[in-house]
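With the hints as extra help, turn the sequences into a complete structure.
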Amino acid sequence: EAAVTQSPRNKVAVTGGKVTLSCNQTNNHNNMYWYRQDTGHGLRLIHYSYGAGSTEKGDIPDGYKASRPSQENFSLILELATPSQTSVYFCASGDSWGSYAEQFFGPGTRLTVL
Amino acid sequence: GDSVTQKQGQVTLSEDDFLFINCTYSTTTYPTLFWYVQYPGQGPQLLLKVTTANNKGISRGFEATYDKGTTSFHLQKASVQESDSAVYFCALVDPNYAQGLTFGLGTRVSVFP
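Which chain is which? The protein sequence lines are A and B, in order.
Residue 517 in the working numbering sits at position 63 of the first sequence, with consecutive numbering throughout.
Residue 79 in the working numbering sits at position 70 of the second sequence, with consecutive numbering throughout.
Note that these hints are calculated values from the structure, not bench results.
Note that this is a predicted model, so its numbers are computed, not measured.
Treat the hints with care, as some may be off.
Below, computed lysine to aspartate or glutamate pairings styled on EDC-like, alpha-carbon distance capped at 20 Å [unchecked claim]: (1) A:Lys511 - B:Asp93; (2) B:Lys65 - B:Asp103; (3) B:Lys16 - A:Glu556; (4) B:Lys65 - A:Glu556; (5) B:Lys86 - B:Glu72; (6) B:Lys58 - A:Glu556; (7) B:Lys77 - B:Asp103; (8) A:Lys465 - A:Asp492; (9) B:Lys77 - B:Asp93; (10) A:Lys511 - B:Asp103; (11) B:Lys16 - B:Asp76; (12) B:Lys58 - A:Asp549; (13) A:Lys511 - A:Asp549; (14) B:Lys58 - B:Glu72; (15) B:Lys77 - B:Glu91; (16) B:Lys86 - B:Glu24; (17) B:Lys65 - B:Asp76; (18) B:Lys58 - B:Asp11.
Encoded structure:
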């Protein structure tokens with residue numbers, strides 16, 4: 455089973471500050487994803503990546519950047535954090551596309567922007 | 010774009026009751042459909058998936074099938090236990106691309122002894 459870890463697990467940030475959320479996976483999956491989870495919205499895709507050096511916009515990318523410096527690591531960057539970005543963020547990894555396109559999720563990062 | 014509708018926000022059951030959660034979906038492709046389960050303080054975990062309409066996915070006593078004709082996808086379990094208390098999400102993906110999952114809003118299942 456894929457091992458996906460996230461850091462930090464909890465973060466309090468100030469409005470206008472820069473926040474970086476980190477994700478590491480040890481199962482050598484090509485694809486990685488960032489989602490946010492909010493009451494009433496479920497999980498929504500922010501950015502994803504097909505491999506080192508690639509990032510793609512998901513459904514709600516505004517206000518977020520992503521970075522994939524290696525196969526194992528995928529970061530989500532909030533350059534100018536806003537209170538509306540208070541949420542729980544999940545990273546996931548998965549194999550290439552096809553019928554086996556299941557994703558493995560990390561434990562989440564709870565971000566509060568004051 | 011793809012969408013998943015999960016109307017049951019909360020289900021409350023007693024142990025040994027029958028569980029049924031329904032999703033409907035909209036997509037232009039032939040999707041792979043998933044059920045994920047999320048326990049408090051954890052990320053979603055894959056419960057089961059169904060890659061072909063009218064086939065059945067089975068895991069840990071849960072069953073799921075999807076009906077392409079009615080674009081519905083349901084999860085059921087014959088006899089729930091207190092340990093099944095969690096939030097259940099249906100989700101779909103276009104198997105031709107490595108894009109992210111499209112999730113329903115989730116159903117919180119509470120099972121009481």
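Now the hints, each set against the structure:
1. A:Lys511 - B:Asp93: violated, 35 Å
2. B:Lys65 - B:Asp103: Distance ~19 Å between B:Lys65 and B:Asp103 Cα, so the pair holds.
3. B:Lys16 - A:Glu556: Distance of about 23 Å is beyond 20 Å: violated.
4. B:Lys65 - A:Glu556: The given pair, whose Cα atoms are some 17 Å apart, holds under the 20 Å limit.
5. B:Lys86 - B:Glu72: Given that 20 Å is the threshold and the Cα spacing comes to 6 Å, the pair holds.
6. B:Lys58 - A:Glu556: holds, 8 Å
7. B:Lys77 - B:Asp103: Holds - the C-alpha atoms of B:Asp103 and B:Lys77 are around 14 Å apart, at most 20 Å.
8. A:Lys465 - A:Asp492: Holds. A:Lys465 to A:Asp492 sits at ~16 Å (cutoff 20 Å).
9. B:Lys77 - B:Asp93: Violated. B:Lys77 to B:Asp93 sits at ~28 Å, over the 20 Å cutoff.
10. A:Lys511 - B:Asp103: holds, 16 Å
11. B:Lys16 - B:Asp76: Given pair B:Lys16, B:Asp76 holds - Cα atoms ~17 Å apart, limit 20 Å.
12. B:Lys58 - A:Asp549: Holds - the C-alpha atoms of A:Asp549 and B:Lys58 are around 15 Å apart, at most 20 Å.
13. A:Lys511 - A:Asp549: holds, 19 Å
14. B:Lys58 - B:Glu72: holds, 10 Å
15. B:Lys77 - B:Glu91: It is violated: about 32 Å lies between the C-alpha atoms, which goes past 20 Å.
16. B:Lys86 - B:Glu24: Roughly 11 Å separates the two Cα atoms, so the pair holds.
17. B:Lys65 - B:Asp76: holds, 10 Å
18. B:Lys58 - B:Asp11: holds, 17 Å
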